[in-house]
Amino acid sequence: MRVTFERRLSQPWWLTVVVPVCSLVAAFVIAGVVLLATGIDPLTTYRQLFDAGFIQTGSLSQTLISATPLAFTGLAAAAAFRMKLYNIGAEGQMYMGAIFGSAAGLYLGSRSSSSAFVIAAMVVAGIVGGAAWASIPGVLRAFFRTNEILTSLLLNYVAGLILTYLIFESESYWRQTKGFNASVFPVGKQLPKVAQWPTWTIDMQGGIVIPLGAFIAVIVAVILWALYSRTRFGFEARVLGDSDRAARYSGVRVRRKILAVMALSGGIAGIGGASQVGDFAHALDGDPNGLQKLSYGYSGIVVAALARYNPFATLLVALLIGGLKNAGNTLEGPNFPAGLVGVLQGIILFCALGGELLVRYRARVHRHGAAPEDVAAAPAPKAAS
Amino acid sequence: MNNSLLIVLIASGVAYGTPLLYAALGELLAERSGVLNLGVEGMMLVGAVMGFWTVQRLHTNTGVALAAAILVAGLMGALMASIHAFLVITLRASQIVSGLALTIFAGAVGLSSYLGNDLNLADSPAAHTFNAVFPKSMQGWPIIGPIVFGQNVLVYISWGCVVGIWLYLSRTRPGLNVRAVGESPAAADTMGINVTRYRYTHTLVGGAFAGVAGASITLAITPQWVDGITGGAGWIAIALVIFAFWRPELCLVGAYFFGALQALAPQLQARDINLGPTVLWTNALPYVMTIVVLVIVSSGTARSRLGAPAALGNAYIREER
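So the sequence lines, in the order shown, correspond to chains Z and L.
Just so you know, we're using the numbering used here here: the first sequence kicks off at 1 and counts up by one.
Just so you know, we're using the numbering used here here: the second sequence kicks off at 1 and counts up by one.
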């Protein structure tokens with residue numbers, strides 16, 4: 001018996017839903033085998049995981065705290081990856097968004113009494129910070145043809161060092177320098193009340209707290225969807241992703257597009273950073289074991305890939321992965337293996353990638369006797385019926 | 001004289017550069033066969049944690065324990081690479097996303113951290129480490145003493161690997177076949193070369209090198225286990241392959257240059273020299289320099305001399321050639 005793969009000429013829409021869902025199930029099964037092999041009962045672990053992530057009182061509020069930044073980094077990755085521009089610097093762009101956003105919050109928050117104005121300024125500052133940081137690999141890619149994967153990634157480490165430096169190694173504007181606590185352990189300056197982002201509470205599960213950032217993420221997803229499916233800009237970006245040569249020949253200005261998409265992607269990640277400060281931390285978190293340990297930027301890639309770069313699906317997947325991350329954080333301890341959630345994310349991504357084959361190709365099983373060479377030489381089948 | 005900054009920097013550049021060299025040589029083998037593996041960081045971390053585990057749990061004499069550790073690290077690296085190989089060669093997945101997936105899966109917050117925690121490896125120094133092999137008197141010789149004779153056995157083996165891989169790729173039949181597979185898999189296939197088998201072998205061997213690279217950090221440079229101990233070395237190694245124009249002998253030069261940059265921060269701190277206003281600059285230097293050199297290499301006239309395999313990053317699908 002032999003299996004060959006034939007390219008599908010058209011992809012049935014239901015496959016793009018069924019395959020990611022099956023990939024997810026497969027990932028949990030594979031991870032379960034890994035758990036069994038290390039002597040841990042997978043069913044109990046999964047129940048703990050879902051309990052802590054979605055079911056327990058207050059768990060959804062906690063999950064939203066992880067899901068919100070993941071939605072931003074996921075959308076950032078989706079925006080760039082859709083054009084086959086591999087911006088894996090969402091991590092660093094998020095730090096930059098946090099640095100810029102908190103600067104705006106600290107500065108304007110002590111001068112203005114209008115909360116809406118200060119928050120809007122923080123969002124804009126976050127976008128500027130993230131977009132500026134993403135423009136470094138963008139410019140290098142557009143003008144020097146430097147591989148954006150490596151540059152955007154290496155800049156993550158630099159951004160992390162800057163973040164730590166601002167709070168731990170300098171007396172910067174962001175650092176709390178007065179007070180007893182500040183002399184014991186370096187912390188960021190607390191944002192004034194007007195610069196702290198509002199939350200809304202839904203009366204369910206003992207009150208689900210929805211941060212402003214979650215709403216902004218939904219708005220960004222809508223904008224991104226409209227941009228990619230309803231505008232010329234998005235169309236050209238998609239053509240560029242599917243066929244670089246076709247885009248060039250039809251007169252797409254490639255450099256401009258690279259710069260714009262990198263800035264867009266970085267800007268989205270930057271809002272995530274501003275939301276980190278405005279929604280949750282209320283101060284710049286420079287601790288190498290704080291924000292930098294959560295690796296939202298890298299998980300955003302998992303989110304975007306599992307969502308097949310669809311903005312709305314990205315939001316859903318962000319909620320799911322956010323739940324897993326939150327559960328991993330709450331459960332981490334002697335009875336719950338550290339790193340498990342990272343392993344699970346990796347396996348989910350592997351399965352989603354493997355599943356991609358079934359979206360793009362039709363698997364055909366040949367029984368004994370059929371000569372596979374004939375099949376290989378046969379013309380491609382007509383459109384899937 | 002042997003304590004002058006320059007000599008110390010070169011000597012520690014060789015030491016710090018050795019993990020980079022192993023990882024870069026491995027990546028070079030995989031890329032020469034047309035498979036881009038961005039999972040180096042993850043494979044290194046798994047190699048690092050499992051190599052460390054081996055010396056902690058194996059109660060024999062130092063030589064045996066270290067040899068076993070390197071073997072285990074190499075096997076684990078190859079095992080990690082096999083996931084990537086299966087996804088991109090057999091299942092034709094995107095090489096870029098799959099490599100990233102491998103780094104997320106195996107990396108600092110994934111499998112390596114899981115294993116480190118599960119096996120209780122943190123908080124204790126390595127039971128056996130790689131030390132300098134030559135006697136103290138030889139290490140005291142001016143200039144070449146610390147640079148050439150002050151190194152551990154992994155450094156000398158890596159020199160052998162450079163020569164070996166150079167000879168393999170330029171002087172042997174299988175080596176030429178690999179290059180054919182990386183440049184034009186369709187042509188290689190027509191010549192009767194098994195593209196799939198070549199790609200699998202070289203991706204796996206590349207993974208083994210990355211695993212050894214990881215172990216050379218936890219067993220020689222910083223003999224302990226900490227989550228994410230490689231600190232981006234895997235990514236620098238991938239960049240190194242590009243600087244080296246996909247040639248092993250240039251990997252050696254590049255690895256020692258970046259090794260020296262990594263050694264710069266602690267050395268300057270130890271001597272109370274401040275480069276720029278703060279310690280931030282020296283810490284960020286390896287990353288920034290990697291970007292700068294990448295830009296120089298990939299732009300302008302240098303590009304025409306680049307040796308990137310033509311089929312790098314593309315799946316080979318016989319039916320669609």
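These are computed hints drawn from the structure, not numbers from a lab.
It is possible that some hints are incorrect.
As the list claims (entries may be wrong) - Facing chain Z, according to a computed beta carbon distance under 7 Å, are these residues of chain L, among others:
no., residue
1, T62
2, V64
3, L100
4, F105
5, L119
6, N120
7, D123
8, W281
9, A284
10, L285
11, V292
12, V295
Idealized CB from N, CA, C, for every residue including glycine.
We went through each hint and held it up to the structure:
no., hint, in the structure
1, T62, "violated, 29 Å"
2, V64, "violated, 26 Å"
3, L100, "holds, 6 Å"
4, F105, "holds, 2 Å"
5, L119, "violated, 10 Å"
6, N120, "violated, 11 Å"
7, D123, "violated, 14 Å"
8, W281, "violated, 9 Å"
9, A284, "holds, 5 Å"
10, L285, "violated, 10 Å"
11, V292, "violated, 10 Å"
12, V295, "holds, 5 Å"
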